[in-house]
Amino acid sequence: MIVTELTPFAEQFERLSQDPAHFPDWVQSLRQSGRDRFHQVGFPTTKWEDWRFTPVTAIAQGRFGSGPENSATSEITEWVAQASLADMACRLVFVNGRLQPGLSQLDSLPAGLTVGGLADDLEADGEIATGVLGRQANIEHSPFTALNAALFRDGAAIRLADGVEIEAPLHLIFVTSGGGDAVCSQARNVVRIGRESRLKLVETHVGAPGEAYLTNSVTEIELGEAAQLDHHKLQSDSIAGYHIATTYVSQAASSRYRNHYFAFGGALSRNEIHCYHAGEQVETVLHGLYLVSGSQLADCRTRIDHAMPNCVSHEVYKGILDDRARGVFNGKILVYPDAQKTDAKQSNQALLLSDDAVIDTKPELEIYADDVRCTHGATVGELDPKGLFYLRSRGIPESLARKMLIFAFANDVVQGLRVESLKRHLESVLLADHGLPSV
Amino acid sequence: MSSEAALLEDYSKREYKHGFVTDIEADSLPPGLNEDVVRSISLKKGEPEWLLEWRLKAYRHWLTLTEPTWPHVKYPTIDYQRMVYYSAPKQKPLLDSLDQVDPKLLETYEKLGIPIEEQKALAGVAVDAVFDSVSIATTYKQTLTDAGVIFCPFSEAVREYPELIRKYLGSVVPAADNFFAALNSAVFSDGSFCYIPEGVRCPLELSTYFRINAQNTGQFERTLIVADKGSYVSYLEGCTAPKRDENQLHAAVVELVALDDAQIKYSTVQNWYPGDEQGRGGIYNFVTKRGACRGVNSKISWTQVETGSAITWKYPSVILQGDNSVGEFYSVAVTANHQQADTGTKMIHLGKNTRSTIISKGISAGVGQNSYRGLVKIQKNATNSRNFSQCDSLLIGDKCGAHTFPYIEVRNTSSQVEHEASTSKVGEDQIYYCQQRGIPTEDAVNMIVNGFCKEVYQELPMEFAVEARKLLSISLEGSVG
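Protein sequence lines, in the order shown, are assigned to chains A and B.
Here the first sequence stands for residues 1 to 439, numbered as in my numbering.
Here the second sequence stands for residues 1 to 481, numbered as in my numbering.
Straight-line C-alpha distance at most 20 Å; calculated EDC-like pairs for lysine to aspartate or glutamate:
#1 B:K377 <-> A:D356
#2 B:K377 <-> B:E328
#3 B:K380 <-> A:D323
#4 A:K345 <-> A:D371
#5 B:K399 <-> A:D371
Since the hints were made in silico from the structure, they are not lab data.
The following block holds chain B by itself, in its conformation from the complex (with noise of 0.2 Å):
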């Protein structure tokens, strides 16, 4: 027991591992929100009229909100007339090929273990990085091009496929949906958008390294993604951010389209800086995420692997609108140290037919909180429709905690919902039966912790599934032995 007891004190003292700051000159604008701090923004980027007026309408419904509470975190006050809406690398490169690149920012990459140069030769991978608010670089172009799937930075997309853009931008998660989406609305700086035409099996998984940099700047990105008629898409999210004392706000918004029959898919790796031992600095990262099914057959899937952040506030979501739609949400959150995760799932059930599943892994390490909150709404007219959720927690060490908010709301006869949870901690006896076999004590509760977390990797693509379960051991490094 005792040297459980110390293996759970080193659990919970694992150092961050991608901690470090690029020191490069950010063109920001002053810290402060008000309309004109959103004008210069959309100035900056040079929009077009409509899209400031969208801004500008979110903002002024942002002003009528209020910060949510309902969430079962605690963290202090956020000023956010403190912080800095607006900062992009000054030197601001036209780019026909990586060498023009900053050398300092392929530096950063390299740290960070993705350089682009070797991820042109790796296995199909394009990139577009996002460091800070600005995209730097945008790589396999031409694969996707040829195959006549678009995929760019949002602000370029707001200048080549404004019609696109007008018509889906909102159209899933709208401008006054919540406090941290209107936020977003008002501020934000920059992002991806990717359509698949009718009929495309995008030849690549896509993916998009988020990296937030720059002192007190909130990181405000959008991602749209579209997925025309009979159309796929694998898309991958990773993060991981410099290490700081500041507490740095994340509020980005994801909307998903899919028409009929297409598929999307969504996964998520997020190592965030999640503050140190004591609990200070970390990202507060409030995300809204929403697909919508809105054609028949069509499917969403997210997927997350979520071991970072001070605080985690983001709940993926499918609406469920086309008849015999599929909703899919897997998940593995981990919280140590002082870390704190409410998190989970949405499936409104419209159409008919529709089902969904939910697979919410949480761990619960040091003092850390993690919370389940999910909602399966089944409506009147989604007759025959199906959902089947499960939340397992796992606890370790005596003094975290895990929760479940499962809210299930049903209003027809002919469908049918499960939900089942239960909460666990890493046996004792578990543990000495690897013990026995030589095992050293770490490794045995990395196996018993990917063991418990099998089933949502078995839904990460390849690459990232790899890279889940190291950053899962890393994370809870120290939590045991």
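One chain only, chain A, in its complex shape (with noise of 0.2 Å):
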């Protein structure tokens, strides 16, 4: 532990501490015990059994700002532009883990839907964050996620009430831009999901391309009853940028959580996803995609605590590494002494395209109940050299048809989505990135 590393942050957090007019008491104890926990356990090492494979030591040695207050350069507009997506209900946009509300579209809301901006909420009453910040992520758990809690300003909180099905996705979009300054992005969201609701999100990572920015973002997720979320992440940080991100999702009874991650970006990304299931009957969904080159790092890794009986939960994550990438898998399934009747099914593969390339895959079991059906599987290797040998016995030169490959490969996580707008985007940029004409 090297005590000097809150160093960086902790000018940040005097100033977050001496700003009166945001937040209550109960953020502000958070805060600081964000703070204390960050304080005593420092960055974490390649010697933590969580951390074995990702050195973050480029970040605990990043000299990392809160950046401009108001950034709604012509830039940043463009980006905002180019994630945007068809067919959304609404948009968010964060710079630099602040809402900007010039950028953002937030006309005709659907009856039920409440969408704002965290500081906003919690400089009102709190109505949505109160009992759900916090609440699941532990400072414990991580220093990242108490590096959250002691310095978030702003993030977004979302609520449907009871009984609203909206077809139409919400989108938000982080942009981290420093305009050549290093920057931290700490964005904190908030979403709860009222009984028997459904809602689809779509959250988009973006950046000053080239520029090594942080991104720790911390997003607590509350499922009611027979509730249902369709919850996407497009992460295309600048790829000298780090992001690291978690997910905490609690799950009543009947609740249905389908995730999908796909991850093009930053040179070391961190995506975590914790999954709680508090009641019988639930669903969960995770299916992610890594496409990293060049020295990219991407960790994904997934916790699943079946703590109730008949449960049910199904995960494919795919990794295509070429260059020097390494990729990092880690996928955790616990279940629970009287959680009978779990089904869980667990699969990583990953395609490795250069011999340089590094893959570190640990799927993990823990089961302490007996009539539980749970399998993993992990799978290592190189393109299907019949497969290969099919398409070029069909005349299909071998570059071309390694590529159609490589597609179908990923694009088998693309197709389960169900946001057209976001599905047509991310064929495209895979058909692009492998060079093919588009469909």
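Put the two chains together into one complex; each comes in its own frame, and the hints tell you how they fit.
See the structure below:
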């Protein structure tokens, strides 16, 4: 532990604690405990089992400021336009972790849906955040969760009332740009979905190309009984940036949570999802795709707590690694002593395109109940030579055949999406990435 | 369902059938560990200076290490200063024949069902019986000598073949490898040494019976097997121990070296005292086993049936250095009552075209906790390598646990790694099906369990397969029914 590690953030913290206008006391005490915790443990090292393959030295040595206050530059406007998707119910844009009403689109919200910035919610009466903020995101779980608790200022606050079904997705765009300075964005999001309600959420992360910024976001999601949330996350951060994100989901009985994660950017990215089953008949679906090259590192981590009987979880993560890229996958399924009739499936498939690429995968099962069906599988390899031969025997040149097979491997994850515009966007990204003509 | 519950209850209450204590005067050192103890052990064994230095180096390194806490097991802290590090039966005989062996020892073997007398006549198994820390009798030596095979107690090998020992001791498991290996290197008492010369196929299946006796004595065996070019050996290790209340530590080290085209098949049946129904007593089995496929086309195969010990911490591994070398790991691990096992394997692929197979079957009953922890590492130069892993768990009863922690690290594109794991329980419908056909519930469970473990049994030598089946049914006796 290096005590001085908080120093780059100390100034930000001081500024926040002297800002009496904003936050209620309970938030300030959460902040203080987050700060104490981070001060106590410091940044993780590769000696920690959970961080064995993910060295964060570069983050620890970086000097990240909080960035300019209001930064709706023309560049940012353009990035937002590029990230925007068609047919969205509304759009929230955050720059360096703070809501930009000017760039957002919040008119004509569907009935029952409350959307806004977390700071505004807390400044008012904390109607959405109270009882949710800080409940699941235990500051002892990770130094980055503690750091976020210490330094968050804003984020999305979303609430959907009981019995409301909204077809068009809600789009959150997170832009990080320091205009030359190293900045960090510490967004904190709170999502509450009422009983028997249904929502689709798309989260896009972009940033100034080539900038080495840090985003460290924490999202807390609570699903009511029989609620459904389709959560999509598209991480296209700067190739030099650092992306750390942790999502905590608590699911009441009969609820369904689907998470689709796509990682393209970041020098180092780490996406953690923690799902807790608080009731029976819960369904959790986690799908992911990480596509990295150069010297990128993509770390995907999921943990599903099967705490109640009769729940189902299904997980598929796929990775494509080129050049000197590193992939890390850790999937943990924990079945509690009385969680009988649990059905958990997990698989991680990695495709290595270069001899310098590295994959470290660890699918874990921890089972304390007997009447369960749990399986996990992991495969690592190169492209199937038989598939290549098949295509070549039909006159397709090898290089194109390879691209087709890679596209097919990745497209599996994309095909399951229920947001048409996002699906088309991802297909074009995948095609363009491999120099394939669009379909 | 209620009958099943009763069955489970019973199953977990099986008694240890090999529990008894032989009352033999022991020549022991006082409890505790310091440099003097290490020196006395070395002196008692009449070891050369270099080996003493090696032990002391290991001891000094051990002092800097801390006990590992990462395994998924719980046990009270071990007080290393309360243990006795050397204990040898006092009447150490110099024997020409079995008649001179202390009759009490022979009786012990008789109770275990392995009378040496009979074994001689039996299907060609040479037994190097280790009673506590000193080897008592070595049989079939002549047959082996004729073939040029060296198979003798470790202490004898140090005297007779110092150049071989010096060359290979610690070459696979370095003295400073881990906490328990360092402890073993410092205080190891005896063990077995085996050398198969070039081109020789060992005419017998070699076997050592380990027994733990004398209260409070940790056993620190050291086994070293070297298979020279083109040779083959099958080695059996079987263990039973008298019933005890005090936990006993067992920290053995096994090193295997396979040179070009050599094959080593190492089979273990482990049935040490697992503690009583409340989880009192039982052996702590913290073992470091590792094989190195040094030469091209070499092969090392580990097969283990683990039914005993209160706590098992053991990862028989293979380092695949030679091109085209093969590593295999077949395991059945049973945890009943309060037993805990954290076991698995490591396959380190370094050479080209290396292949490894891992088949691990875990069975948990009672409140037992069974973990598979494995590592498959394919290094950059290990092109065209292949690994297949399968870890299945069977749960009997709703209070036990089954866990898998596989690590897969791949560093090149041309290799293929596959890992599969599943967890299931003994199905009510399967038991019902058998009952319908007049098969008693307990037999039905045995059938199902045996079917579950079939792939591993197939890898065991015949006599061992029979014993393993018997052990498993004894282990699970009363868990269901």
